[in-house]
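Participant: Below are the chains, spelled out letter by letter.
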Amino acid sequence: MKILSIESATKTLSVALAEENKILALATSDNKATHSETLLPLIEQMLAERNESLSEVDAIAVSNGPGSFTGLRIGVTTAKGLGLALDRPVIAVPTLDAMAYNFVSEEGALICPMIDARRNQIFTGAYKTDGSNIRAVMNSRALDIDELIEEIRNLQEEKIIFLGDGAEFHRDKLVEAFGDAAIVASGEKAHPSAGSVALLGEAMMKLGEAMSADDVVPTYLRQSQAEREYAAVTSIGKKIISRTLDADNEGKVFESADTEADIKAIADLESAVFGGGAWTIDMVKGHFSNPCNGALVARRRGGPCGYVLFTKIAGEGEVFRVGVSESYRRAGIARRLLGVLLQDSETDAWMLEVRYGNAPAIALYEAMGFVRERVIQDYYSNPLEDALDMRRVIRDIED
Amino acid sequence: MAKILAIETSCDETAAAVVEDGRRVLSNVINTQIALHTRYGGVVPELASRKHIENVNLVIKQALEEAGETLDSIDAVAVTYGPGLVGALLIGVSAAKAIAFAKNKPLIGVNHIEGHVCANLIEHPDLEPPFLCLIVSGGHTHLAMMKDYGEFEILGRTRDDAAGEAFDKVARAIGLGYPGGPKIEKAALSGDAGAIAFPRGHIADSPYDFTFSGLKSAVLNYINQEQMAGREISKANVAASFQQAVVDSIVERAVMAARAVGEGAGAPRLALAGGVAANSYLRESLAAACDAAGIAFYAPRPALCTDNAVMIGAAGYYHFARGERAPLSLNAVPNLKL
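Which chain is which? The protein sequence lines are A and B, in order. Under the working numbering, think of the first position of the first sequence as 1, with each following residue one higher. Under the working numbering, think of the first position of the second sequence as 1, with each following residue one higher.
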């Protein structure tokens with residue numbers, strides 16, 4: 001039985017061909033091009049070098065996550081397309097299982113693969129091996145490093161092999177926690193490889209775990225950010241969902257759901273800062289009734305002293321209002337609020353409008369990377385004034 | 001005779017089709033994700049990508065089945081590789097490349113905007129370039145000359161928001177929600193288009209360029225002013241007045257451009273394309289203005305205006321016929337230009 005395998009869950013892309021528990025060919029891409037550009041040419045080249053034909057492949061094994069969402073989708077979709085065209089089944093091999101399989105011969109050790117999941121988390125699991133098969137002893141999931149250390153400590157193992165980019169990143173913490181019991185793998189075996197995907201895939205196939213190409217999807221182990229945000233909004237109903245910046249505490253950001261008080265405070269600040277052009281309390285309330293809208297609030301001694309009201313939708317955001325209490329001006333509060341907002345990983349471009357004569361605000365926005373788009377004549381009333389339209393593009397594409 | 005399997009996943013529709021010789025539709029399958037994105041008020045890229053990967057094989061198989069074709073009997077695979085959401089595009093591109101590679105079929109990369117224009121070739125079998133096209137969609141507003149198959153000269157484009165974006169944002173502002181185009185059109189039916197005087201933006205020295213962000217801002221400003229004054233706004237009047245301003249801007253430039261390029265090239269011809277071309281008020285206004293100005297007006301039926309794979313098969317055929325082939329390293333290009 002010949003298995004073609006794809007591993008594209010992390011930075012290093014590889015493909016392999018295996019038969020009867022033996023790797024016939026393995027090709028790894030180390031160039032800087034994207035997985036999308038590299039994957040099929042790499043398969044084509046590997047097969048050509050060995051004079052192998054795609055038609056002799058019996059199944060396609062693909063590393064199906066967790067890992068980089070984009071990388072996974074390129075690998076899984078390619079496997080689905082090949083399966084569809086060749087009329088062959090696809091084996092969805094869990095990426096963490098395949099990583100653990102790199103150390104299948106390490107009888108007695110606990111094997112702990114760790115994939116960097118960003119947002120200070122790692123996709124991880126824990127495995128034991130009998131020398132030829134691996135067995136999960138902990139559910140695969142996203143954890144932060146301290147949670148993982150706690151979980152592993154509870155297993156009370158004497159030899160633990162940590163591998164993957166997450167293990168490299170947290171090497172110091174792992175050594176500190178487990179001392180001599182911890183081995184942080186290095187070299188080829190430290191990373192996901194199509195070789196293990198093929199071998200494990202073949203074993204899974206023999207157990208009847210191959211699927212129709214139509215049904216294979218990546219395992220993300222994580223909701224999309226939109227789903228998480230929506231869940232947060234719906235679970236608290238119409239309450240204010242604002243991230244809060246503690247102005248006394250070096251910009252620490254935390255969740256806040258202090259609804260009525262915050263709406264009242266923002267409306268009071270609006271009126272103090274903008275006078276006749278201020279939003280009314282009903283408008284501030286209305287702002288929070290739209291789940292796409294949000295606020296960042298800076299607090300001093302518990303009370304709001306500055307805020308940003310914004311909306312974000314489908315990768316684009318607009319800053320509606322920025323206000324800082326008179327007594328806290330020139331303390332960098334607006335700058336820090338905007339700084340937090342602009343880090344939002346889901347938004348590619350931010351827009352805002354500002355009174356043409358408001359030089360300090362325009363200077364701040366320019367310092368934050370906004371550029372002048374154009375002037376809108378007689379945009380503001382009370383008093384009548386032109387608006388300057390400004391835009392900040394963070395990046396062209398999303399991951 | 002050449003049969004093209006076409007795949008389109010640039011935004012929130014997973015679509016596949018089989019098209020013969022660029023003009024004849026053998027199948028047209030579209031799986032729309034509108035219901036999924038509605039609660040977020042717009043397309044969420046990550047969710048779109050996840051949905052595409054769930055559906056891509058099923059949509060392709062259904063397109064082949066309905067056409068009575070197989071992956072062996074088709075002549076080439078065409079796929080949208082941009083512009084669009086990169087994660088979404090990658091699903092179609094990866095699937096198309098894998099199929100082309102496994103079946104040893106030519107691979108054709110198609111520009112999504114060119115696809116929209118080519119929907120006209122399906123609707124009007126006798127229409128041949130050169131002609132002027134007006135492309136109005138969620139992400140694009142272009143006036144371009146289609147000089148030959150696959151050859152375009154841009155005459156004008158939007159300087160800021162695309163027309164479709166303006167529709168979406170205004171729909172959101174007056175609480176109509178997503179998708180904005182159809183919602184505004186419906187609300188406008190019971191409104192007075194002359195009720196509120198919104199500006200028609202112009203770009204100095206660029207007669208064919210569009211601008212819609214000033215109009216969008218004017219609408220938002222109007223809503224804020226009314227709310228502050230404690231007055232209830234009429235959603236129907238805002239929708240109708242806004243739609244009128246967009247349509248006026250578009251019609252004025254399109255007719256002016258058609259007249260200009262029409263001189264010396266026989267009767268001027270204008271073809272409408274893109275998702276916003278499904279807006280019947282825009283279609284009727286353009287048709288009437290073209291009629292009055294002696295311009296031959298073409299537009300695909302609304303179902304071919306929104307995203308579909310038939311249009312990609314039509315555009316792909318002409319690239320195929322010219323011997324153009326995409327390599328297996330074809331990548332998604334989210335900001336691909338026409």
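By construction, these hints were calculated from the structure, which means they are not laboratory data. It is possible that some hints are incorrect.
[Said to hold, decoys possible] Chain B stretches covered by chain A per the calculated footprint, using a threshold of three residues with CB under 8 Å from any CB of chain A:
1) 17-24
2) 92-105
3) 327-336
What you are looking at is a predicted structure, and each value in this text was computed from that prediction instead of being measured. Idealized CB from N, CA, C, for every residue including glycine.
Participant: Run every hint past the structure and note whether it holds.
Facilitator: Against the structure, the hints come out as follows:
1. 17-24: It is violated, with 0 qualifying residues against the three required.
2. 92-105: holds (count 10)
3. 327-336: holds (count 8)
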